[in-house]
Each structure stands twice: as structure tokens, then as C-alpha cells.
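Turn these sequences into a full structure, and let the hints steer you where they fit.
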Amino acid sequence: MERIEQIIASLRQQVQTNPLMRDIVELIVAIGEQVLASDDSPAERVTDAAPSHVGKKEVPGTSADERAEHHDRKQGQAEEQYSPPSAEDLERLVEHFRSGRAYQIHASQSRRNEIEHEQERPEFLRGRDRATAVGGRDDTTAEPLYDVELVATRARLKAEVARWCADRLRGEIPYEAETRYYRSAVGRAKALPQCYLWMLEYRGPASLLEYVADCYDAIADVAELLPLVPRAQRRPRWAEELLDVAAAIQSALHHVLREAGLDVRRYPDPDQDAVFTWLKWYTRTFQKFIQRHMELRDPADFTRIQRWVEELDRLREEMPAAADPLNDLPAEDRHDNAIEPVARMQLATLQAKQHLRTLRYHVGHILRGSIDQEHHWRRIREEIETIVELGVPPSNIELRSILLPIVDDMPTDDTYLTQPVRLVLREIDRYITRQEILQPTEQEPPQPSEEVRYVRPVLEGKTIVLIGGDERPHMRRAIEEAFGLRELIWVATRPHESLELFVPYIKRDDVALVLLAIRWSSHSYAEIADLCKRYGKPFVRLPGGYNPNQIAAQIAMQAANALGLEAPAAGLEPATL
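Mapped onto the numbering used here, the consecutive letters of the sequence shown carry residue numbers 16 to 592.
These are computed hints drawn from the structure, not numbers from a lab.
These numbers were taken from a predicted model, which means no experiment stands behind them.
No farther apart than 30 Å at their CA atoms in a straight line, the calculated lysine-lysine pairs in the DSSO-like style are these: (1) Lys477 <-> Lys522; (2) Lys548 <-> Lys522; (3) Lys548 <-> Lys477.
In C-alpha cells form, the structure reads like this:
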């Protein structure tokens with residue numbers, strides 16, 4: 016089988032330039048599938064075949080025993096000459112070819128058959144699922160609710176990674192930044208159900224990934240806006256147009272994914288499928304006719320995605336998102352069930368959307384390691400402040416999705432950590448904490464750095480107090496294991512809390528060190544430092560995240576003398592309190 020697979024690999028290369036070879040390859044695949052579909056193996060057919068003397072005259076001078084012995088001898092020789100391949104080998108052969116053009120042609124033919132079958136169905140059944148509930152009851156009247164936050168977050172993550180992969184294909188990503196971002200993106204994807212970052216393995220043209228990213232961003236916007244559509248047969252004009260635009264955007268995403276080589280028929284994208292399924296339900300339930308882009312034979316042109324994004328921006332200004340969407344309905348259609356409660360959420364205005372796109376632009380430069388990072392960090396701070404001033408809540412899904420890949424790298428001095436930025440970072444921290452609780456993932460602990468090995472001997476078996484942010488179970492265990500702690504006391508902070516709330520933790524005899532996560536703390540580090548000095552506890556400010564290696568580096572720099580370490584780590588200078 017190894018030799019056969021080598022020949023197959025050579026054939027697949029020749030197929031690209033020689034159309035005649037394609038027929039040969041497809042023939043081999045067809046034969047393999049036919050053999051697999053057979054109930055009996057070749058060996059069984061040889062064994063079960065009738066003896067050669069049946070129906071023939073007996074040869075004179077030979078007994079029945081001699082004839083039987085002669086037949087067994089011939090059958091044994093035949094079995095020695097023919098050694099049939101096992102079913103496992105045949106399956107490997109077919110699966111090998113399914114990754115080539117033959118399988119693509121087969122999938123394309125299946126799609127054509129599906130379209131032709133759909134056209135043959137009665138008009139009132141077209142587009143409907145055949146599956147019904149137990150007992151034959153049609154269960155298509157129930158609204159296929161989807162998690163707005165999950166779909167929007169997942170789609171924007173895939174858009175972000177698609178743009179990053181496009182930059183990587185163009186050679187714009189520094190090598191030292193590639194591995195770090197890759198791990199960050201995969202970690203965030205694992206925290207979301209059904210989030211597959213297929214573009215990380217994509218090797219096609221980078222320009223196609225730009226369209227993929229635009230389509231994913233647009234489907235995220237659609238997922239946030241659709242809950243605002245009234246559940247009624249009489250709809251305002253903006254709702255009618257929104258449904259048409261949503262159909263075009265989900266079709267464009269479906270089309271561009273097929274162009275990128277994904278088998279969306281067998282493995283549909285969950286975000287595109289959620290929007291499409293909801294549109295099918297809405298059109299059946301409330302007699303809304305969507306003229307275009309709801310069938311496979313009518314795909315939307317993904318190269319025109321920006322046109323539909325502009326339409327969404329225009330509709331965003333027309334729809335009463337900031338007020339009550341029911342105000343646009345006739346009086347007789349204003350009832351409590353017309354719109355789900357999830358729809359009464361505060362969405363970004365068109366002006367805020369423009370600033371969100373500018374923010375995404377500058378974040379992209381940080382991810383690419385562009386020159387003049389200080390300029391882009393300053394613009395990121397300014398855009399965050401403007402977005403919050405425009406009324407976008409710090410917990411906004413799109414705002415959070417844009418900042419997540421750079422949150423651990425943000426500067427920590429007061430020039431950048433203004434009040435709006437702190438509010439946004441605090442909400443991001445809460446989101447990460449919530450995800451770790453809802454979707455726990457097994458992550459390999461980072462390799463201990465020289466700084467960790469340097470400070471561990473004086474912290475092992477002792478207790479550390481960490482002030483700021485919300486407790487993350489995974490990071491708590493990682494910190495305790497890295498330093499061999501007896502316990503890590505994680506004290507969350509809230510605005511306007513009294514410092515006296517921290518005293519019972521700080522003054523404990525077994526507490527060897529106090530850490531302050533200044534990015535997420537609502538208290539000044541000077542206030543906490545004075546409190547630690549009062550009780551004689553070493554105090555360390557954490558400007559970055561909770562990675563044990565980062566924490567160890569700050570401990571070595573700020574509290575080496577206070578902890579009684581013999582000498583500072585190489586290249587680090589201890590600071591006194």
C-alpha cells in the first residue's frame with residue numbers, strides 16, 4: 016500500500032497539467048468505492064465459487080476423491096497468486112483520492128443534484144427541512160434562537176485571524192511575533208464552542224482571505240441586528256431591507272468559504288448557518304419573501320461585500336436601536352412578544368462604528384509589529400476614549416473582540432491607562448474569567464523562566480496576596496504551581512471600595528508578598544504601597560498580565576532586596592520599597 020500511495024501522489028501532481036489523467040484517477044476512485052460497497056470480499060467469492068467440475072462430465076479413470084484433491088490443489092494455487100487487499104487498505108486508497116480533484120467533482124455533482132431535487136419539490140415546500148418531530152408533527156414553527164454574543168464573538172475572531180493570515184502570506188508578520196499570536200488565537204478559539212480557525216492552514220491567495228474577513232465581520236453585525244427585527248407580519252421599511260441585506264451577506268460568506276476550498280455542504284460554518292436558519296424560519300413564519308440569495312443556485316458576489324456593509328451602516332442610522340424598536344410599528348402590532356428581550360440592547364451608532372474600524376486598523380499595526388508602535392498605542396487609547404464617550408458600553412462585544420489579541424501588551428503607565436481604558440480592560444478581564452469558568456480548556460503551563468527559578472526558593476510554601484481583577488481559576492493554579500505556593504489569595508476590587516477591606520489579607524503572618532494588578536485595580540498603587548509598608552510586606556506592581564514568568568520578572572526587579580534574595584537575576588536590577 017505504501018508503494019501504491021507513492022504512485023497516487025505522483026498521479027495527483029500530473030493531474031494538474033494533464034486532463035486525461037483525471038479520468039484515470041476518477042476511475043480508480045470509482046473502482047475502490049465499488050469494492051468497498053460490496054458485501055463480500057474477493058477471498059470469500061473465490062472460496063464460495065462452485066467447483067470447476069460441476070456441470071461437466073466426469074473424466075474417466077479418476078475417482079471422486081482424486082477430483083476433490085485436484086480441485087483443492089488448484090484453488091490453493093489461485094489463492095496464493097491472488098492476495099486481495101484488506102478493507103482498511105481500500106479505505107485508505109479511496110480517502111487518499113478524496114483529497115484530490117475527483118472528490119471535488121463528486122461534491123460539485125452532489126450540489127447540482129441537491130439543487131435539481133429542490134426544484135422538483137412543490138413550491139410551498141421549497142426551502143423547508145424534511146425532518147419533523149416525533150409523531151409526524153412539523154416542528155418548524157419554533158424560533159431557532161442563537162447566542163448573539165457567541166456568534167458575534169466567534170465570527171469576529173475568525174475575521175481577525177483571517178486578516179492576520181493574509182498579512183502572514185504577504186510576509187508582513189515578523190517571525191518573532193508569529194508564534195505568540197498563533198498560540199493566542201488558538202487559545203481564544205478553544206474557549207469558544209465550534210470555533211475552527213481553518214485559515215491558519217490556508218495557503219491560497221491572500222486577497223481571498225481579505226474577503227473572508229470582511230464577510231465574517233459583516234455576519235457578526237447581522238447577528239447583532241437581526242434580533243431587532245419585529246416578530247410580526249407588518250414590519251417597518253428598515254426591517255424589510257435588513258432581512259434582504261442579511262440574506263445577501265450570509266450567502267456571500269457561504270460563497271467565499273467554498274472558494275477558499277471548504278466543504279461547507281458537509282461542514283457548514285456555524286455562524287453562517289445560524290443566520291441562514293433564522294432567516295428561513297422568519298420567512299416561513301411571518302410570510303416574508305426574500306427574493307435573492309436564499310438558494311444555492313443564487314450565490315451572492317462576495318467581492319461586493321463592502322456594498323452590503325454600507326447598507327448595514329445606513330440601516331443602523333434608520334433603525335430605532337437607541338430607543339425602543341417597537342415605536343416604528345403600527346399600534347396594532349405593538350405587543351410584548353414582537354421583539355425578544357435580547358433585542359433591547361444598546362448598539363453602536365454609525366459614528367461609533369467608524370471609530371471601531373479605525374481602532375481595528377491601529378490594532379492590526381500592533382499585531383504586525385509595525386514601526387512607531389508608540390503612535391499606534393496612542394491612537395488606540397484615543398479611539399477607546401472616543402468610543403466610550405459616544406455611548407458604547409465598555410462591555411461591547413465588538414470593542415472587546417478588537418482589543419483581545421493585544422490586551423496583554425498594552426502600556427501600563429498613566430498616560431495610556433485613562434479611566435475609559437481601565438473600564439474597557441476590566442470588562443475584558445471579566446469576560447476572560449467567565450470563559451475560563453464556562454469553557455475550561457487544558458493549557459500547557461509555560462516553561463519556567465530564569466526569574467521563576469530565581470524567586471521560587473523564597474516563596475515556596477508561603478502565601479501571596481494578589482489584588483485586582485477577577486479571579487481566573489486556571490491562572491491561579493498556574494501561579495501556585497510555578498512558585499510552589501501554599502496559597503494564592505486573589506482579592507477582586509470594585510470602584511470606591513475602602514482600603515480597609517484589604518487589611519485582613521495583607522497583615523496575615525503567612526503572607527510573604529503583595530501583588531497589585533494595576534491595570535485592573537480601581538485603587539492607586541501608592542495607596543496599596545503605603546498599606547503594605549505599614550504591615551511590613553513586600554509590594555510589587557504588575558503592569559502586565561498574570562503569566563507566572565511575567566510576575567517573576569517584576570518580583571525580581573522590584574522586591575529582590577525585600578525578599579532577601581542573595582543576588583538579582585542576570586540583567587535585572589532590584590528596587591527597594
